[in-house]
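Taken in sequence, the protein lines are chains A, B, C and D.
Everything in the first sequence is counted per my numbering, starting at 5 for the first residue and increasing by one.
Everything in the second sequence is counted per my numbering, starting at 50 for the first residue and increasing by one.
Everything in the third sequence is counted per my numbering, starting at 19 for the first residue and increasing by one.
Everything in the fourth sequence is counted per my numbering, starting at 504 for the first residue and increasing by one.
If you are wondering where the hints come from, they were derived from the structure by calculation, not from laboratory data.
Note that the Cβ used here is the ideal one computed from N, Cα and C, for glycine as well.
Among these hints, one or two may not hold up.
Claimed, not checked - Quick look at which bits of chain B chain C covers, simulated, 3 or more residues with Cβ under 8 Å:
| # | region |
| --- | --- |
| 1 | 55-69 |
| 2 | 268-276 |
What the hints assert, rightly or not - Listed next, the in silico DSSO-like pairs over lysine-lysine satisfying Cα-Cα at most 27 Å (straight line):
| # | chain 1 | residue 1 | chain 2 | residue 2 |
| --- | --- | --- | --- | --- |
| 3 | D | Lys682 | B | Lys218 |
| 4 | C | Lys209 | B | Lys393 |
| 5 | D | Lys612 | D | Lys643 |
| 6 | D | Lys816 | D | Lys684 |
| 7 | B | Lys396 | C | Lys390 |
| 8 | C | Lys209 | C | Lys197 |
| 9 | C | Lys390 | B | Lys274 |
| 10 | D | Lys684 | B | Lys218 |
What the hints assert, rightly or not - Every beta carbon over 12 Å from chain A, so not counted as near; a handful from chain C, in silico:
| # | residue |
| --- | --- |
| 11 | Gly67 |
| 12 | Ser87 |
| 13 | Ala91 |
| 14 | Leu92 |
| 15 | Arg93 |
| 16 | Gly97 |
| 17 | Pro103 |
| 18 | Leu104 |
| 19 | Pro107 |
| 20 | Leu109 |
| 21 | Ala120 |
| 22 | Ala123 |
| 23 | Ala192 |
| 24 | Met355 |
| 25 | Arg444 |
| 26 | Gln488 |
Read off the chains here:
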Amino acid sequence: MDISLPSFLAAIAVMAAPLVLAALGETLTEKAGVVNLSLDGTIVLSAMTGFVVASRSESLTLGFVAAALTGCAVAALLAVIGVWLNQSQVAAGFALTFLCRDLAYFLGSPYARQQGPQLATLPVPFFSDIPFFGKVLFSHSLIVYASFLAIPCCIYFLYHTRHGLLLRTAGENPEGCWARGINPQTVRIIATMTGGTLVGLAGAAFSLAVKPGWGQPQGCEGIGWIALALVIFGSWHPLRVVAGAYLFGMLQLLGIYFQDSFPTIPAQIFQVAPFPLMIFTLILIHLSSNRKNRITRLFSGNPPKWLGRAYRRS
Amino acid sequence: MKTLVSLGHFLYNRTATMILIAALALGAVSLLLLTLGIAPTTIAVAIAHGSIFSWQKFSHVLSLWIPLLLCSCGLLFTFRAGLWNIGVEGQIICGAIAATALLREGSFGLPPALILTLALALSFFGGGLWGSCAGLLKNRGGVNEIFGGLGLNFVAQGLILWLILGPWKRAGIASMSGTDMFVKELWMYTPPGWRVAPAALLLALATFALTAFLLGATRFGLTVKATGNNPLAARLYAIHPERTGLAAMAIGGGLAGLAGGLQAACVYHRLLPPISSGYGYLALLVVMLANYRIAPVPAICLFFACLAAGSIQLPIVLQLDSALSGVIQGACVVSALLVHGLQKRHKGEN
Amino acid sequence: MIELTNIHKTFGKVHALTGVNLKAEAGTIHGIVGENGAGKSTLMKVLTGFIGRSGGEILFQGQKVRLDSPKDALRLGIGMLYQEPLDFPQLSVLDNFMAGRAVFAPVEARTELARLAATFGFTLHPDNRVEELTIGERQQLELLRLIGDGARLLILDEPTTGISKEQQDLLFTALGKLKTDGATILLVSHKLEEIDLLCDTVTVLRHGRVAATRQRPFDRDALLQAMFDSLPEPQAPPEPKRGGIPVLEFEKVTGSGGRSGLQKVSITIRAGEVVGLAGIDGSGQGIFLKIACGLVPPESGRILRFGAPLQGKAKETGRTTVFLPADRLGEGLFPGMTVREHHLLAAPGSALITSATGLTVSRRAIATHSIKGQPETAVEDLSGGNQQRLLLSFIPDGVRLILMENPTRGLDVHSAAWTWRHLHSRLHADGAIVFASPDLEELMSQASRIVVFYNGKIVLDTPTRATDYQRLSRAITGQIDPVGTC
Amino acid sequence: SPLLAADYPFGLLLVGPANDHGWSQAHFEAGQAMEKVLPGAKMLYIDKVNPADRQGITIPMLVDDLVSKGAKLIIGNSDDMKDGIREAAAMHPEVQFIHISGDDAITGKSGVNLSNLMGRMEYGKMMAGFVAAMTSQTGKIAYLGPLINAETRRLTAAAYLGARYAWTEVLKKPAADLKFKVSWIGFWFNIPGVTSDPTLVTNSLFDAGHDVVISGIDTTEALVVAGQKKKDGKAVWAIPYDYQGACASAPDACLGVPYFNWIPGYTKLIGEAISGKWKQQFLWLGPDWQAINNPATTTIGFMPGNALGDSQKQALTEFQKALAGGLNLFTGPLNFQDGSSFLKAGTTATDDQVWNLPQLLLGMDGASK
Ligand SMILES: Nc1ncnc2c1ncn2[C@@H]1O[C@H](COP(=O)(O)OP(=O)(O)OP(=O)(O)O)[C@@H](O)[C@H]1O
Ligand SMILES: Nc1ncnc2c1ncn2[C@@H]1O[C@H](COP(=O)(O)OP(=O)(O)OP(=O)(O)O)[C@@H](O)[C@H]1O
Ligand SMILES: [Mg+2]
Ligand SMILES: [Mg+2]
């Protein structure tokens with residue numbers, strides 16, 4: 005199969021769009037010190053609500069809003085258990101993952117494999133005609149542009165706004181946050197819900213744009229775990245996390261091309277490869293960054309100091 | 050007398066908590082069903098009919114209970130050691146692969162019981178090996194065991210597919226329906242009218258007893274508990290926290306592997322791609338719902354197995370999707386977390 | 019300016035503060051002194067609303083104020099430099115400077131930081147990460163932040179622990195300047211020379227109560243007397259034993275941990291010695307003990323135990339050496355497990371364990387160590403003192419080296435005496451006891467040799483007989499130039 | 504004179520969801536139709552019969568359950584169920600079994616109470632390949648394959664033969680200009696972490712210049728992607744599979760769908776069972792050439808889609824007539840992909856040779872194993 009480079013890159017951009025949104029959402033959550041392990045289920049559930057609401061109301065906007073609210077609601081439940089009640093965030097996340105996934109299959113069953121609305125491609129006038137970059141960056145649907153925009157927005161928010169700074173302080177040292185007159189609990193709950201909203205959007209990005217439709221399986225199962233791994237191994241920096249997301253998209257695509265390029269290797273190898281390959285690439289990066297050489301230090305970064313730890317005032 | 054009273058109090062408190070959790074979870078699910086216009090009672094009746102109202106159904110439930118109990122026992126070890134073993138699915142698969150490697154070769158003219166025993170021992174080692182891998186990744190590389198386990202799950206998934214479609218493919222045509230069946234004499238004995246092999250049932254019960262014994266009545270169990278409790282202090286007692294953690298991962302993986310071996314040897318009589326059937330994840334929920342304690346695990350496994358088996362009736366009788374059983378299982382765990390958290394808060398510990 | 023009346027604070031069952039009154043005037047520096055655990059930090063945190071108070075009132079400029087959270091305090095211009103730095107190590111200096119401000123203006127903040135730093139003669143690079151700064155620089159940053167936020171009442175909790183002489187001078191100059199500007203400063207310190215140098219008034223806390231309030235000039239001895247429970251007549255210290263074989267040898271050992279780490283420490287401890295380690299918390303004595311028992315590997319230097327190099331393996335530590343940490347629940351015990359289970363873990367024994375196994379052992383240990391608890395009591399339900407007795411009961415027979423942090427903390431006089439009798443009786447003919455203690459009386463009465471740590475170094479190493487309370491308390495607060503053994 | 508039972512419950516085990524708009528739904532709807540066609544017949548069904556969706560699922564257990572509910576005949580609709588159905592049939596000799604897509608009735612691995620039923624989808628796939636080649640502007644056709652086995656090789660080859668026929672015999676273009684690419688995803692539907700992502704594969708097939716994708720998998724990703732591209736103004740098409748209504752997910756990009764209609768097969772086998780005339784058989788039914796979309800008579804149908812042009816539709820009708828008239832595309836000379844000879848000139852393939860096709864054919868690009 006021969007394919008032009010711009011088409012290849014454009015395909016990566018599209019496939020990675022939901023992953024970018026979800027991973028950025030989780031980055032925000034974890035920067036505030038909360039681990040939301042429910043991503044995989046949340047994505048499936050919000051993909052379902054997004055699809056069902058959009059097709060029943062015939063409004064894509066409502067579909068996206070519903071999916072975002074779903075993600076936000078699941079995150080809120082996690083925040084209640086993991087932040088407000090100081091229970092294990094990991095346990096809560098696990099339980100919610102499975103609850104959400106099965107809830108999506110149960111509630112969504114009547115709508116499975118129905119024709120539904122989908123987001124159209126909206127090439128940006130003029131820009132889409134630029135050679136190379138026009139195809140790669142400016143000939144997509146709105147949600148892909150949103151995923152592009154989310155990257156600078158997220159970085160800007162985290163590193164160049166007051167609330168972004170507060171969010172980071174809550175994950176770094178809630179006591180310090182409290183000493184500066186800010187309630188870290190509130191910051192953490194809001195950050196968790198904001199992150200959840202982005203994850204919800206990622207779900208809708210699947211069911212309304214990237215893999216339009218709903219069914220069991222929808223095809224977005226498993227992505228949540230990749231997003232979670234990306235955040236850890238992307239060292240909690242949005243840019244590195246996003247780079248990982250695109251790397252995953254590329255691995256998936258390469259798997260398809262390599263199936264042709266290496267006919268002697270059983271095709272199954274390439275079909276199965278992207279998920280474990282991604283996780284092990286990340287683990288490798290992680291392992292090598294333990295040794296302090298300059299290149300791998302690029303990838304090293306530390307978790308927020310209070311990640312996953314509850315805070316309560318004496 | 051005093052101990053009796055305090056025991057009574059204790060049981061009363063535990064029971065009250067359990068009832069609270071169940072009421073919250075089932076209440077929420079019922080509410081959901083009512084808004085969908087479905088009567089929760091009909092669902093309950095259908096599930097009960099599909100699980101406990103006949104011996105045949107119940108023996109089906111038991112056949113689900115066995116692997117679930119085995120995996121949960123394994124998780125009790127790892128949770129005790131303070132580790133999140135999310136790689137259970139991969140460990141089940143590796144156990145099944147190890148057992149198949151022997152069973153597919155036939156009986157070599159040896160007594161089938163011997164071969165089966167050997168195969169199950171192999172499955173324990175296969176799963177244990179996979180569990181140790183996650184443990185090693187954590188100890189040596191500082192890789193969070195959640196993601197190490199997840200990565201290994203995917204690898205195991207790839208491995209089993211490759212074996213089934215490649216080297217171990219069926220005579221003639223490779224098929225996703227799995228490898229060729231093992232020879233009949235290597236099927237574990239199932240009496241007529243039973244849907245579960247008595248030997249497997251006994252093995253599961255024995256494993257649970259052994260788990261309870263090891264964790265509750267041996268120095269090793271105490272060591273594991275201490276490690277999970279406070280790895281920092283463990284070293285003062287000449288306990289090697291990393292080694293203990295690795296041992297827990299190996300045992301946990303081994304028990305999951307045993308579950309996989311049993312799936313191959315007495316449920317499917319062959320290796321097939323989805324042999325792990327999500328038992329690994331379900332077992333995580335079981336142990337969380339048990340609040341990481343040993344005693345409630347068999348009962349919760351039974352409850353979950355009834356839900357899983359009974360939910361098959363939902364499409365047959367009510368044309369409803371059977372994912373509802375998963376919803377109930379998840380809701381139970383979430384409400385357990387809520388109830389325990391609220392209780393702690395009420396006591397002022399929060 | 020600020021007045022605290024009848025302040026109470028309890029943590030569960032612990033009464034940290036009982037009826038504390040304190041008054042500080044504008045344009046003055048008010049010192050707060052007291053031994054470890056006297057309640058100084060707690061009082062200051064109550065004042066900023068960082069922790070809630072259990073009772074009492076706070077008057078600010080004559081007005082009763084709520085002060086329920088740091089937010090209230092900041093609004094009133096009360097700012098605090100905490101004992102454990104409450105900053106964000108992974109964030110930049112500038113981010114730390116700006117965190118919590120109502121407006122986000124990095125450019126303005128950068129110039130403001132530069133201006134303030136220049137005023138006080140500090141050098142801070144706004145883009146450095148805070149974890150790369152020294153403790154002193156982190157304090158400077160916090161101080162500038164507080165001043166930048168308009169704090170008029172500044173609280174400094176032990177600001178000079180772990181900072182260099184130069185930084186200390188800079189800090190004191192800054193404090194002087196602030197005082198002249200009319201700010202109020204509350205200074206918590208262990209170091210009486212600082213109090214002498216800076217303070218106008220001083221309040222001594224002891225066991226959560228005000229033990230004394232003095233105006234300058236201060237009588238040093240009277241302050242010490244008020245700070246430490248009692249300065250009883252020195253008992254006859256144990257005879258120093260000479261010529262025993264070396265049990266523990268440190269040669270230029272450097273390690274990190276605690277506030278100051280350990281810096282090129284050399285010492286030889288011989289059989290028959292009971293060595294008391296003195297010093298302000300975190301001056302190096304804690305990490306010394308951890309390195310000695312093999313829990314923490316040293317960064318450099320050579321360590322011999324019983325004449326052989328230390329391998330740093332947990333197994334070895336078991337039979338010949340024990341370590342009893344200060345943070346009992348955090349480092350020494352397993353919360354959620356029972357007394358009996360601890361006894362089982364501490365002593366080798368049968369592989370099988372029933373509910374009866376070890377019961378007699380545990381009962382006997384409970385009896386001989388007068389532990390107020392049952393074999394089935396969970397350790398976190400024991401009182402602090404009983405947790406310590408429990409730890410003591412783990413010391414197996416035949417142990418040659420006993421390493422302890424705060425061996426009698428929380429024990430009443432009676433059981434402290436018992437404990438020491440017990441410990442002395444356990445002293446192996448070829449072994450030694452090394453303990454760290456904040457309690458001078460304990461050091462003087464139990465140790466045959468006293469080693470004082472300051473900023474990670476040994477500043478005094480003396481037979482107990484050859485020293486006295488005054489000399490020790492001065493050494494502890496760094497008033498002796500580093501010298502070798504006398 | 505059929506002795507119709509007053510009440511004849513039969514069980515249907517579906518591998519996927521009953522509403523999958525694909526393989527399982529086609530069976531489900533045929534089962535529903537039986538209730539009308541055969542008086543007294545009553546369907547009991549269980550869907551998602553696979554261990555991934557249902558823990559510890561085994562066919563014998565489900566058969567027990569259905570039998571206890573009165574089922575007198577059980578249908579298993581997946582190749583995966585082969586072993587289970589065989590086992591269940593041995594356990595319930597009094598119950599009749601129909602296994603779809605297996606061959607136990609030929610190989611004699613099972614008792615007489617088990618028959619096999621399959622449709623000659625080769626014809627459907629030939630028509631799919633035919634309209635694909637007739638429509639393609641680039642001459643590059645792609646086939647989105649599931650996993651590699653004899654059945655899928657056979658169907659893929661049939662699609663290729665249909666396309667080649669259109670290209671060389673109807674359009675009179677040189678065979679070498681026709682590119683036919685097969686890309687396997689690894690299973691009948693997408694399982695993240697286990698299969699390639701069909702959405703991604705289809706996208707890259709289109710990106711690489713193929714303009715018609717023929718789907719061999721059970722779900723409709725290929726058509727959905729084609730629909731998306733079509734909306735963006737690209738000239739691309741897709742041909743879904745399995746289910747008559749499959750074009751619905753993107754009608755404007757759909758050239759048509761080759762589908763299974765199980766009604767005739769069910770009617771025959773269940774009808775015989777009801778009337779006590781059951782005999783073991785291997786039933787491999789083809790299209791009703793007289794009325795290819797007649798639900799009562801045809802097992803393989805081809806439903807033209809909205810995107811199929813009029814002239815192409817015309818050509819398709821001609822092609823169907825030719826097939827009905829005995830045109831056999833499995834006629835030599837035909838070579839395997841590795842160059843070895845499959846059929847000598849003038850010979851035609853036997854059913855067995857087609858059923859057990861060992862390799863793809865020369866001219867097809869993609870893995871054979
Ligand atoms: N969060 C807490 N929970 C329980 N007890 C506490 C807490 N904080 C302090 N305490 C207890 O309150 C008492 C006073 O502690 P505080 O930190 O005020 O002492 P301090 O005078 O500052 O001592 P140091 O000189 O060591 O800093 C101590 O007994 C301490 O153990
Ligand atoms: N968290 C707890 N739960 C249950 N009981 C507790 C708890 N903490 C302490 N106790 C019990 O309360 C009693 C008083 O404890 P406290 O810590 O006040 O003792 P204390 O008087 O300070 O003793 P000591 O002098 O030995 O430190 C003890 O008997 C102890 O066992
Ligand atoms: Mg203090
Ligand atoms: Mg006490």
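Structure versus earlier hints, numbers of those that do not hold, lowest first: 1, 3, 4, 5, 11, 12, 13, 14, 15, 16, 17, 18, 19, 20, 21 and 22
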